[in-house]
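A.B. asks: The chain contents come next:
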Amino acid sequence: MVLASMMGYGSLARDSGLSFGVSVVSTATVWGLPGQVAFAELFAVGAPVLAIMVASSMANLRFLPMSLSMLPLFRGDSQAWRWRYILVAIMSINTWALTLRHGPSMTQDQRFPYYLGLCIVCMTAGLAGTALGYHLAASFPFYVTVSLIYLNPVYFVFLFSGVRHRNCILALMFGAVLGPLFHLISPEWGLPFCGVIAGSAAYWIDKRMAPLKGDGETP
Amino acid sequence: MSELTLIGGLWGLLVLVSLSTYIWRAGGVLIAARIDPTGPLSQWFTCVAYGMLAGLISRIMLMPIGILEQTPLADRLAALGIGFVLFFLFKRQLLPGTLGATAVFLILTTLRAKGVI
Chain A
466 MVLASMMGYG SLARDSGLSF GVSVVSTATV WGLPGQVAFA ELFAVGAPVL
516 AIMVASSMAN LRFLPMSLSM LPLFRGDSQA WRWRYILVAI MSINTWALTL
566 RHGPSMTQDQ RFPYYLGLCI VCMTAGLAGT ALGYHLAASF PFYVTVSLIY
616 LNPVYFVFLF SGVRHRNCIL ALMFGAVLGP LFHLISPEWG LPFCGVIAGS
666 AAYWIDKRMA PLKGDGETP
Chain B
5 MSELTLIGGL WGLLVLVSLS TYIWRAGGVL IAARIDPTGP LSQWFTCVAY
55 GMLAGLISRI MLMPIGILEQ TPLADRLAAL GIGFVLFFLF KRQLLPGTLG
105 ATAVFLILTT LRAKGVI
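Keeping their order, the protein sequence lines are chains A and B. When we follow the numbering used here, the leftmost residue of the first sequence carries the number 466, and every step to the right adds one. When we follow the numbering used here, the leftmost residue of the second sequence carries the number 5, and every step to the right adds one.
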């Protein structure tokens, strides 16, 4: 999955005029498709350096609450905790969502190897995908590239459809409605506001609803 | 673009972009070390993360930027709808939904490119 969507990015990067090296390295160092797409597309239209930085940074603001909510899982393992700044650098939506889902039921010392393995697989696939996409770009018709890019959000829709905790489900529903609306108001600041408002509303409503039977601890 | 040569060309730009992305990740680490991992604040941040991701993905689906923008909204939603049908048919499995939706989307965009629809 990661391979295929990064192939989409690879071919986009080539069309945007990025060099092969920069395209592949950007997958590893930015490691978040929306930020990478912003980088490639703004570069292609010759946007100012500051604008490219701000746009790709804002596209990746989600990593703040993401790393915050994932790290507590690794706190009990001193070896993993020492690597915390690396752990968050290799985190993607994919590895984050899977770790939040499966991590809590593992013992402390199982989580670090699980997460590391997951990240290595995803990173390898991402790098291979970018390289492949870059080299195959010329032979890809538009409808293939665009379908590879489409694969990415679709995958996340279904990944999140498996979320079980009520407050998280509420946050997803509110976010899905508010995201596009807030984007219309402000393309730069819409997303952080959407997250804070949707997340707070979900958290608050969940607290006021009757506790669910069998609903475990929130991840 | 003279600015670009000033910061060391394309590689310089990549370093700047990567750092401006990494600050959010590092910020998460700094805050995570200071709050109670099972407390309400940590739960609230998880909700915010989900809210932000849902907002992002729904925005990409409904109002994409870039090459997805050139595809009709109807195609993106129809493919997603069929994906959901498959998702529930296959007992909420990730793969049938994802692959099904992408396949339908590929077929629709291909037919449009060939002028069939």
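Incorrect hints may have been included.
[Stated by the list, open to error] Quick partial rundown of chain B residues pointing at chain A, CB under 10 Å, derived from the structure:
no. : residue
1   : SER22
2   : TYR54
3   : LEU57
4   : ARG80
5   : LEU98
6   : THR102
It should be emphasised that the hints constitute simulated quantities derived from the structure, not laboratory data. Each residue gets a CB set at the ideal place from its N, CA and C atoms; glycine is no exception.
A.B. asks: All hints are to be evaluated individually against the structure, with a verdict given for each.
C.D. replies: Hints, verified against the model:
1. SER22: Nearest chain A Cβ about 4 Å off; hint holds.
2. TYR54: holds, 4 Å
3. LEU57: holds, 6 Å
4. ARG80: Nearest chain A Cβ about 7 Å off; hint holds.
5. LEU98: holds, 5 Å
6. THR102: holds, 5 Å
Figure legend: structure checked against the earlier numbered hints; every hint is met.
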